[in-house]
Amino acid sequence: MTKDPQQMNCHEFQAQLAELIGSGQKPGDHPHLKICPLCRALLADLETIAEAARQLFPIQQPKEELWERIESAIKDEEASS
Amino acid sequence: MPNSRFPKQPQDASTGGLTPVTASADPASPGVSGSPIDDEVMIRAQAGDHLAFAHLYSLHKRRIYSLCLRMVGNVAEAEDLTQEAFLQLHRKIATFRGDSAFSTWLHRLAINVVLMHLRKKGLHLMSLDEAMEPVPDEGPGRSFGAPDLSLVGSIDRLALERAVAALPAGYRLIFVLHDVEGYEHNEIADMLDCSIGNSKSQLHKARLKLRDALRTSLRGERR
Chain A
634 MTKDPQQMNC HEFQAQLAEL IGSGQKPGDH PHLKICPLCR ALLADLETIA
684 EAARQLFPIQ QPKEELWERI ESAIKDEEAS S
Chain B
48 MPNSRFPKQP QDASTGGLTP VTASADPASP GVSGSPIDDE VMIRAQAGDH
98 LAFAHLYSLH KRRIYSLCLR MVGNVAEAED LTQEAFLQLH RKIATFRGDS
148 AFSTWLHRLA INVVLMHLRK KGLHLMSLDE AMEPVPDEGP GRSFGAPDLS
198 LVGSIDRLAL ERAVAALPAG YRLIFVLHDV EGYEHNEIAD MLDCSIGNSK
248 SQLHKARLKL RDALRTSLRG ERR
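Protein chains in written order, with our numbering: chain A, 634 to 714; chain B, 48 to 270.
No lab work stands behind these hints: they were computed from the structure. Some hints here could point you the wrong way.
[To be verified] Covered by chain B, according to a simulated footprint, are these stretches of chain A (three or more residues, beta-carbon under 8 angstroms):
{"#": "1", "segment": "637 to 643"}
{"#": "2", "segment": "650 to 658"}
{"#": "3", "segment": "665 to 679"}
{"#": "4", "segment": "694 to 703"}
Predicted model, so just to flag it, every value in this text is computed and none were measured. Note that CB positions come from ideal geometry on N, CA and C, so glycine has one too.
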């Protein structure tokens, strides 16, 4: 039985947080957050991490020699087939 | 096949190296169509044109290498996996039927290569099954911390990269697939043969671990 969101403590709210976030709902609208600065801070941090992951990871350049390795491996495969 | 048909080093036709990876901007992300140039080159490569295959490599090497690097967190392994992905591409390219964008197909092929690799490594990494197990000391009760140590506006790329690289393999895998590569939970569950609920739960735990690591880093900077 699901507890009334108005009555949840931090532990209960955080136990549901993965599902709240993952299901595409707006966890920021949850009643518990209106009264709990700690859980508000937690949610803000998690949203910041997800946003940073989307924006901050650079595209990396492989070493030029990698193509030579691939080319050589392809040639070996073709020679053996 | 004559060796001379391979170019010495394929001309780099990919986009700028600082382009941020977002689901909407990444041509290799799921659900995003390939370009007409991609399609033309791919058709020639399917017909056995090695120059076209080399061009495909130049078009996709950064995305595939970056994906491998994020998923395993190690340059040497990422190079090996990139090589294996393109070798598999060479073997299988004739089977591509255009049901999805070529870049999406290649992206998925590369992910499968990495997943196979991680499963083969077994003891050296936390297995996906282990990663799916609840960890008693990581319950929701410990996810507090001082609200004044907020990460909002405080995360830099290097700190995040370091924190992601330090994640256990199972957590890193799901975090990279969802938050970096833009896959949905149902797609991840399908790839990893786990439930959608597990995917959500593991992603959440991965973010909590990253939060701990980033807050520790931030606390150190402020001392």
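A quick look at each hint next to the structure:
1. 637 to 643: violated (count 1)
2. 650 to 658: holds (count 6)
3. 665 to 679: It holds: at least three residues are needed, and the segment 665 to 679 of chain A offers 8 whose Cβ sits within less than 8 angstroms of chain B.
4. 694 to 703: Contact hint for the segment 694 to 703 of chain A vs chain B: holds, 9 residues under 8 angstroms.
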